[in-house]
Every structure is written in C-alpha cells, then in structure tokens.
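Chains as they are written, first to last, in the working numbering: chain A, 1 to 352; chain B, 1 to 229; chain C, 1 to 254.
Worth flagging that the hints you see were computed from the coordinates, not collected in a lab. Bear in mind that the values here come from a model prediction, so they are computed numbers and not experimental data. Some clues are possibly wrong.
[Claimed, not checked] Derived DEER-like restraints, expressed as beta-carbon distance ranges:
(1) Lys115/C with Val85/B: 41 to 49 Å
(2) Ser6/B with Pro191/C: 38 to 46 Å
(3) Ser6/B with Asp123/C: 22 to 30 Å
(4) Glu271/A with Arg42/B: 51 to 59 Å
(5) Gly86/B with Val119/C: 23 to 31 Å
(6) Val210/B with Asp127/A: 29 to 37 Å
(7) Val50/B with Ile55/C: 31 to 39 Å
(8) Phe138/B with Asp123/C: 32 to 40 Å
(9) Val211/B with Gln75/A: 27 to 35 Å
(10) Phe138/B with Gln67/C: 32 to 40 Å
(11) Trp93/B with His108/A: 45 to 53 Å
For every residue, glycine included, the Cβ atom is placed at its ideal position computed from N, Cα and C.
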Amino acid sequence: MQLVMNIKKSFGSFALETDFTITGQKTGIFGTSGSGKSTLVSMLAGLVRPDSGEIVLDGECLFSSTERINMRPEQRRIAMVFQQHSLFPHLNVTHNLLYGFKRCRPEHRSIDFDVLVEVLKLGALLDRGVSNLSGGEQQRVALGRAILANPRLLLMDEPLSALDDSLRFQIIPYLKSVSEQFDIPYLFISHSLLEMRLMADQVLNVAGGRIVGISSAEELARQRLGSSQVGYINLLKLGRPSESGTMYAYPWGAAQLLLSAGSESDKSIAELSSKDIILFKQHPEAISARNLLQCTVRSLFSSGRKIGVEMECGGNTLISEVVQDAVNELGIAPGGTVFAAIKASAFRMLPG
Amino acid sequence: MLLTGSDIQAIWLTIKLASTVTFLLLLIGTPVAWWLARSQTRLKGVVGAVVALPLVLPPSVLGFYLLLAMGPNGPVGHLTRILGVGALPFTFWGLVLASVFYSLPFMVQPLQNAFEAIGERPLEVAASLGASPLDAFFSVVVPLARPGFLTASILTFAHTVGEFGVVLMIGGNIPGVSRVASVQIYDHVEALEYGQAHRMAAVMLIFSFVVLLGLYARRPDSLKMTGRG
Amino acid sequence: MKLLRILLVVCSLLGAATAHAEKITIAAAADLKFAMDEIVTGFKKSQPGNDVEVIYGSSGKFNTQIQQGAPYDLFFSADIAYPRELAKKGLAASDVKPYAVGRIVLWSNSMNAAKMTLVSLADPKIGHIAIANPKHAPYGKRAEEALKAAGLWDKVQPKLVFGENISHTAQFVQTGSAQVGIIALALAVNPELAKKGGYYLIPDKLHNPLEQGFVITRRAAGNVLAKKFADYMAAKPARAIMTKYGFVLPGEGR
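All chains should be modelled from the sequences, with the hints used to inform the complete structure.
Here it is, written out as structure tokens:
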C-alpha cells in the first residue's frame with residue numbers, strides 16, 4: 001500500500017494540514033482527541049471533502065483539487081470500522097456481514113465468507129440480531145463486514161475505545177490476523193500508545209492538525225518516556241507459570257520472573273513500567289524486590305529530563321528510566337553491567 | 001342497514017381520497033423530508049415554514065385560496081388548461097391536489113424527524129461498504145425509518161379523512177365526487193337529520209379510534225433502532 | 001387589601017356606567033349583510049349610548065344555536081319556518097314577523113346573465129352551475145323548485161355544485177369555477193357582484209315564496225332596545241334600505 005496525502009482542511013479556527021507519503025501494511029495514526037486524526041481518515045474515506053490538495057492511493061487519485069477529482073466514497077473501496085454502533089440494526093449478523101460483499105464487484109471478491117466466519121469465530125452468531133450482541137461481538141461483526149467488502153484499505157477509527165480492557169485485548173489478535181490472512185493493509189487510529197504498539201508497524205503522530213512525526217510505535221513510546229506519566233511500558237512475553245511458594249514463576253526468554261499474579265495461559269503479556277525498575281551497579285546483598293536480573297546496558301537515550309536505559313537481560317530487552325545524576329554516579333554506559341530489581345507486584349498482566 | 005346508500009358512497013369516497021392522498025404524499029413528501037433532514041442551507045428554514053403553513057391556516061381560508069388558484073383565472077387553473085386536464089374545482093383530482101397540499105406537513109414532519117434521528121453514521125457506513133446514496137437510502141434509511149413512514153402515513157390518512165373545510169370550499173358537495181364523509185355528516189346536521197348524523201359520526205369515530213389505536217399501541221421500537229446511529 | 005378595595009370601587013363604577021347603556025345581539029341571515037349593516041347604523045344614531053351587534057350566518061345554524069341557548073336577542077331568518085319553529089317551542093318573546101320576501105336570480109361572472117333564462121342552463125358550454133345546498137339552505141331549496149318547475153332539473157343536475165350557504169355559492173361563481181349560479185337577488189345587487197355582470201330574475205311563480213321573518217327570542221323578553229329595533233324594521237327608513245338592497249317587502253309586489 002502506498003498512500004500520498006497532501007491536503008488542507010479548515011473548520012472555523014481548526015486547520016488540518018498534512019503532506020506525507022506512507023507505505024506498509026500496518027500503519028497507526030496516533031493523537032489525542034481533537035488532534036485531527038478522525039478528520040484525516042474521514043477525508044481519506046471520502047466522507048469529508050478537503051479544501052485543497054490531493055489524495056493518491058496505490059497510484060490512483062482519490063481526490064485532487066487541481067484536477068477536480070473527488071471520487072465518491074462508495075467507489076474508493078476503503079472500508080471503515082467505527083468506534084461503535086455501526087451495525088445495521090434492521091439486519092441480522094449474516095446480512096450485516098454480506099452488506100458490503102453484495103455490493104462488491106465480482107472481480108474484486110477474493111474473500112471467502114466461510115473462511116472469514118471461521119477466523120473471526122462468528123459461526124454461532126450468524127442468525128442473531130445485532131442489538132443483543134456484546135460490544136466485542138459487535139466489533140467482530142463490524143470488522144468482518146468491512147473485510148468482506150474486499151477493500152483495498154481498511155480504516156479502523158478507534159475500534160477498541162468503546163470496549164472494556166478485557167475485550168480490547170481479545171479483539172486485537174482478530175484485527176491483526178484478518179489483515180494478515182486476507183492481505184488487507186490498514187490504518188489504525190487510536191489515542192492509545194499501547195494499542196499502537198500492538199497494532200502498528202509505523203505510526204503517524206498527529207497533533208494540532210499536523211503530522212508531527214512518523215516513526216515506529218516502539219520509537220514513539222521511547223520518545224514519550226520522559227513526558228508520559230507512566231513512563232515507558234515494557235511489554236514482556238511470558239510463558240506458562242509454575243507456582244513458587246506464594247508467587248508464580250514465569251519463563252521470560254532465558255530468564256525467569258516471579259510475579260504475584262497467576263495465569264492459565266501458555267502465552268501472556270505483562271506490562272512493566274520503566275519507573276518500576278531499580279538499577280544497581282553491584283549485586284545488592286539483600287533486597288525486598290523478588291526479581292533481580294543481571295543485565296547488559298545496550299544503549300542510553302534521553303527523553304525530557306529522563307534517561308532511558310535499554311538493557312539486554314537473558315536475551316530479552318528491558319527499558320528502565322533514571323535521572324542524569326544516577327547515570328553519572330553509577331557510571332552507566334553501553335556495554336556495562338547493571339542489576340535490575342523489580343517487585344513481584346509491579347507487573348500488570350494484559351487481559352486476554 | 002344503519003347507513004343509507006349515499007352515506008356508504010361518502011365513506012367509500014373518503015377512503016379512496018385518503019388512500020390516494022397518502023400514496024401521492026409518500027412519493028412527494030419523502031424527498032422533501034429527506035432534503036429538509038439533510039440540508040444545511042438557509043433555504044431549509046423557508047421550505048420548512050412553507051410545509052408547515054397548512055397547520056396554521058384555517059382550512060376554509062386555505063380552501064378559498066385554493067379555489068381561487070384552481071379556478072379558470074387562477075395560476076393552477078391556467079396550468080391545468082394548458083396541460084389539457086380541464087378545471088380542477090368540483091373534481092376528485094381537485095380534492096386530491098388540495099388535500100395533498102393541506103396534509104403535506106403530516107407526511108413531511110414525522111418523516112423528517114425519523115430521518116434526522118438516523119443520523120450520519122449509517123450512511124457513512126453504507127457508503128464505505130460500496131452503497132451509492134440511492135442504494136443506501138433504500139437499503140438502510142427506509143428500513144430504519146419504517147416506524148416514521150408508518151406514523152406519517154397513518155397521520156396523513158387520518159387527517160385527510162377528517163378534513164372538512166377545504167373539501168367543502170372547493171368540492172361543490174357532489175355525490176361520489178366530492179361529498180366525503182365529513183361533509184355528509186355536516187349536511188345531515190344542517191338538515192336536522194340528527195339520527196343519520198349520529199350514525200355516520202359513530203362510524204367515523206370508531207374508524208379514527210381504530211387507526212389511532214394502531215398508531216399508539218405499536219411497540220415503540222423506532223427509537224431503539226435509530227439511536228444506534 | 002388596599003388594592004382589592006380600589007378594584008371593588010372601579011368595578012362598581014363600571015357597573016354603574018354600563019347600567020344605562022343597553023346592548024342587543026342580532027343573528028341575521030347572510031343575505032342581509034349589506035342591508036342590515038346600513039339599517040343598524042341608522043338605528044344607532046337614533047339610540048345614542050346603546051349598542052347593537054350583528055352576527056351573520058346560516059339561518060339553520062342560528063336556529064339550532066338558539067335552541068341550544070345561544071345569546072341572540074333577535075333572529076332574522078332567511079326562511080320564516082325557523083322562527084316559527086322557535087315560537088312553537090316557546091323560545092320566542094314576540095310574534096313571528098315577516099320582514100321581506102327573497103328572490104333568486106341567475107348570476108354569472110363570465111357571461112351576461114341578464115340575457116339568460118333558465119333554459120340557457122342546459123347549454124353544454126356551461127359546465128358547472130352553483131346553487132346553495134337544497135338540503136338545508138332556503139335559497140338552494142327555491143332554486144331546486146324553480147329548476148324542477150321549469151322542467152330542467154334532470155338536465156342540469158349533473159352540472160350542479162352545492163355551496164354551503166348562499167354567499168359560498170356566490171364565491172363559486174365569482175371565482176369562475178362555476179360559470180353560473182343561482183343566488184339571492186340581495187347579493188346580486190350588491191356593488192361587489194353587480195359590477196361583474198347583470199342578473200336574470202327568476203320568476204317567482206316557479207318556486208314557493210322565500211318568506212323571511214324575524215322574532216325576538218325568549219332571552220330578550222322585556223328588553224326595551226330589542227323591542228325598539230323590531231319596531232324600527234317596520235318604519236320607513238328601514239323599509240327603504242331593504243328595498244334598495246333588492247328585498248321585496250311583505251305586502252308589496254315587484
């Protein structure tokens with residue numbers, strides 16, 4: 001997918017102006033509410049008309065003020081998944097799913113209904129009305145419907161924001177897998193940095209109606225370490241735990257971590273803030289924190305008043321944050337060894 | 001039989017008139033209501049006010065001006081002569097035209113409310129799934145606005161049945177052409193034939209009650225549906 | 001309390017002031033509109049300080065309303081049968097007095113009715129003929145009688161359209177929707193209609209007399225002003241006005 005978006009749009013005192021070209025299958029658009037990200041995708045879908053500029057998708061011009069082109073939304077083959085309440089209440093699940101499929105030209109139809117129903121686990125819902133589906137089921141149907149329209153691009157505008165946390169993380173694998181399985185590129189819009197890191201390879205950072213940066217989600221998260229209240233969130237991929245006294249021992253790469261929370265899953269993801277990792281220059285003899293890892297410093301980076309310390313711990317990557325004085329006192333430098341202490345209660349398991 | 005032949009003729013004529021008017025107003029009122037619900041121009045206020053005018057004009061006043069307009073010297077009269085359809089006063093189609101105008105707000109306003117309640121979102125979704133505006137209108141808007149269509153049709157039908165002043169002014173009280181039930185009852189009353197008037201009024205009352213009961217006893221599922229935007 | 005006392009004083013003053021002035025309300029048939037306005041103006045001049053209000057409408061409707069207790073002191077009906085009915089029911093405070101005999105005319109807005117007769121109505125060029133509803137309007141009943149007497153009823157019946165009352169019938173003709181109508185002479189001579197075209201007076205031997213009469217209602221029994229107005233109708237100035245507006249007076253031929 002290649003998208004060129006070079007447009008201007010103003011509403012009253014708010015002005016949106018972008019000039020970017022992106023390629024890639026999984027792109028995030030990140031920004032706070034009011035930053036202009038929803039308007040941006042609405043213009044891409046053809047629901048809002050830019051004041052001027054051009055939009056070119058995979059070589060086809062969707063909009064050009066100079067050439068007076070403004071392709072109708074129904075001709076753009078760009079499907080959308082909205083935040084909520086977008087299913088047609090007068091149709092049951094099957095007919096919702098087929099709405100776009102029926103309107104898609106036969107030569108574009110490459111997605112098999114049964115396969116999609118299998119991937120999204122919608123089989124039990126097909127005959128049901130949509131009003132008594134749960135929020136997560138509704139979003140799965142909305143996603144399936146968008147995919148079945150065989151779009152060349154899928155826009156997801158805060159598709160998880162209306163869901164509670166446990167549902168959110170249940171849906172994310174579906175979002176990713178359908179895109180991969182059916183080879184449909186997407187733009188994923190969210191104000192959540194965590195969702196960006198789970199969903200997007202590259203992220204457009206939108207603020208005040210401008211694109212203020214294009215980077216990977218990982219880079220964006222590191223840049224925001226100093227300014228974010230929660231610091232940088234390490235996402236740790238853990239294996240199945242075993243009981244260890246009053247705690248649970250999880251395999252983490254070659255290392256092992258003791259957490260206070262258990263899990264039934266073979267694979268789980270734990271969040272760990274950079275603020276919750278304390279670094280020692282030498283092995284502390286006795287500490288209350290239950291995890292003490294010997295790590296090698298890979299690099300340092302600054303973000304605001306904080307210094308991020310990227311470390312390699314038993315084959316895993318971990319980022320901690322310290323102030324400049326600590327770097328100086330401990331003599332933290334790339335290649336050096338540090339000990340990282342983490343309390344067992346500092347981890348937060350991602351639901352799902 | 002409680003009713004005379006002319007009473008039954010009047011009731012049959014009334015039902016024919018109300019059905020014709022309701023059908024025509026569905027065709028005319030739907031695009032007007034859709035435009036009113038969607039437009040953001042200043043003209044919207046003007047058109048909305050014109051549509052609502054029959055609500056405030058006394059029917060006999062409205063009937064008098066319709067008579068002037070449809071007469072051979074009026075603008076509508078000129079038009080009908082050019083089109084070769086003849087003069088409209090004292091004809092069934094003259095009554096239809098007058099009733100269409102008179103009942104316009106009863107069709108347009110409930111439809112406009114129903115369309116407005118649907119909001120933008122379902123249309124945006126339909127467009128992003130490849131539906132043209134016309135396709136989206138019939139596949140999404142019409143089903144979602146179904147309660148609105150039902151309300152508008154019932155109100156229009158009932159209002160046409162109950163219409164009196166306008167019909168009296170332009171109809172000429174011709175049996176089978178313009179002597180509708182309300183006029184027939186009025187004639188009975190004026191001629192002091194209270195017994196016949198009571199019987200016919202009772203038939204009309206029961207009919208109207210049944211129609212309105214049908215409207216109000218319906219499950220109020222429209223809001224739930226349209227609230228999902 | 002003070003305010004209440006002032007209000008009481010004001011009210012009693014107002015009551016005292018109106019106690020002298022009398023007011024009567026007259027219900028009059030629509031065809032009397034122009035004549036009655038002029039008569040009332042003359043009467044008021046002779047009765048300074050008193051008030052006379054006239055309401056015009058259909059005689060049949062007034063008849064029903066008075067039976068249901070409507071506050072009319074005098075009732076001038078286009079058909080003497082109505083006041084007679086009131087008198088029979090004990091709702092009148094005076095004898096029923098004939099005040100005029102109505103006449104019906106052919107009148108048209110687009111043709112010269114002065115050159116027409118009833119036979120002209122059969123002309124296929126005439127699409128619609130307006131008459132008042134014979135079922136309840138006295139003028140309509142006389143029109144029907146005249147058409148039947150002339151042997152034209154069956155021929156013209158398909159062309160007939162019915163006005164609610166005699167002025168509504170005139171509106172059908174005035175707007176040109178009906179080419180010709182049978183209306184009251186009293187309306188045809190009024191300036192608004194007279195300037196549009198002439199009229200043909202339908203011979204009164206073709207229909208029952210359109211005897212018009214009035215009565216003082218039971219409500220106005222002992223009302224001095226009502227009695228005075230009743231007397232005034234028989235006096236010269238009022239009779240002159242009635243004649244001017246095309247009414248034939250009782251006892252006078254035309």
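Exercise. Regarding glutamate 271/A and arginine 42/B, is the given constraint of 51 to 59 Å on their beta-carbon distance met?
Worked result: 54 Å, holds
For this session: Please test the hint of 45 to 53 Å on the beta carbon pair from tryptophan 93/B and histidine 108/A.
Result: Hint holds: Cβ distance 50 Å, inside 45 to 53 Å.
Problem set entry | Hint check for glutamine 75/A and valine 211/B - Cβ pair distance inside 27 to 35 Å | 45 Å, violated
Exercise. Holds or violated: 41 to 49 Å for the Cβ distance of lysine 115/C and valine 85/B?
Worked result: Violated - the Cβ-Cβ distance for lysine 115/C and valine 85/B, about 31 Å, lies outside 41 to 49 Å.
Exercise. Do the beta carbons of valine 210/B and aspartate 127/A sit within 29 to 37 Å of each other?
Worked result: For valine 210/B and aspartate 127/A the Cβ distance comes to about 36 Å; the hint holds.
Exercise. Cβ-Cβ distance between serine 6/B and proline 191/C: within 38 to 46 Å?
Worked result: 39 Å, holds
Problem set entry | Range agreement (Cβ of aspartate 123/C with Cβ of serine 6/B, hint 22 to 30 Å) | Between serine 6/B and aspartate 123/C, where Cβ atoms are some 29 Å apart, the hint holds.
For this session: Could you check the hint for me, namely that valine 50/B and isoleucine 55/C are 31 to 39 Å apart, CB to CB?
Result: Cβ of valine 50/B to Cβ of isoleucine 55/C: about 34 Å, so the range 31 to 39 Å holds.
Problem set entry | Cβ separation of glycine 86/B and valine 119/C, checked against the hinted range 23 to 31 Å | Because 25 Å falls inside the window, the suggested range holds.
For this session: Could you check the hint for me, namely that phenylalanine 138/B and aspartate 123/C are 32 to 40 Å apart, CB to CB?
Result: 53 Å, violated
Exercise. Between phenylalanine 138/B and glutamine 67/C, is the Cβ distance one that fits in 32 to 40 Å?
Worked result: 58 Å, violated
In the structure shown, a violation is registered for the earlier hints numbered 1, 8, 9 and 10, in ascending order.
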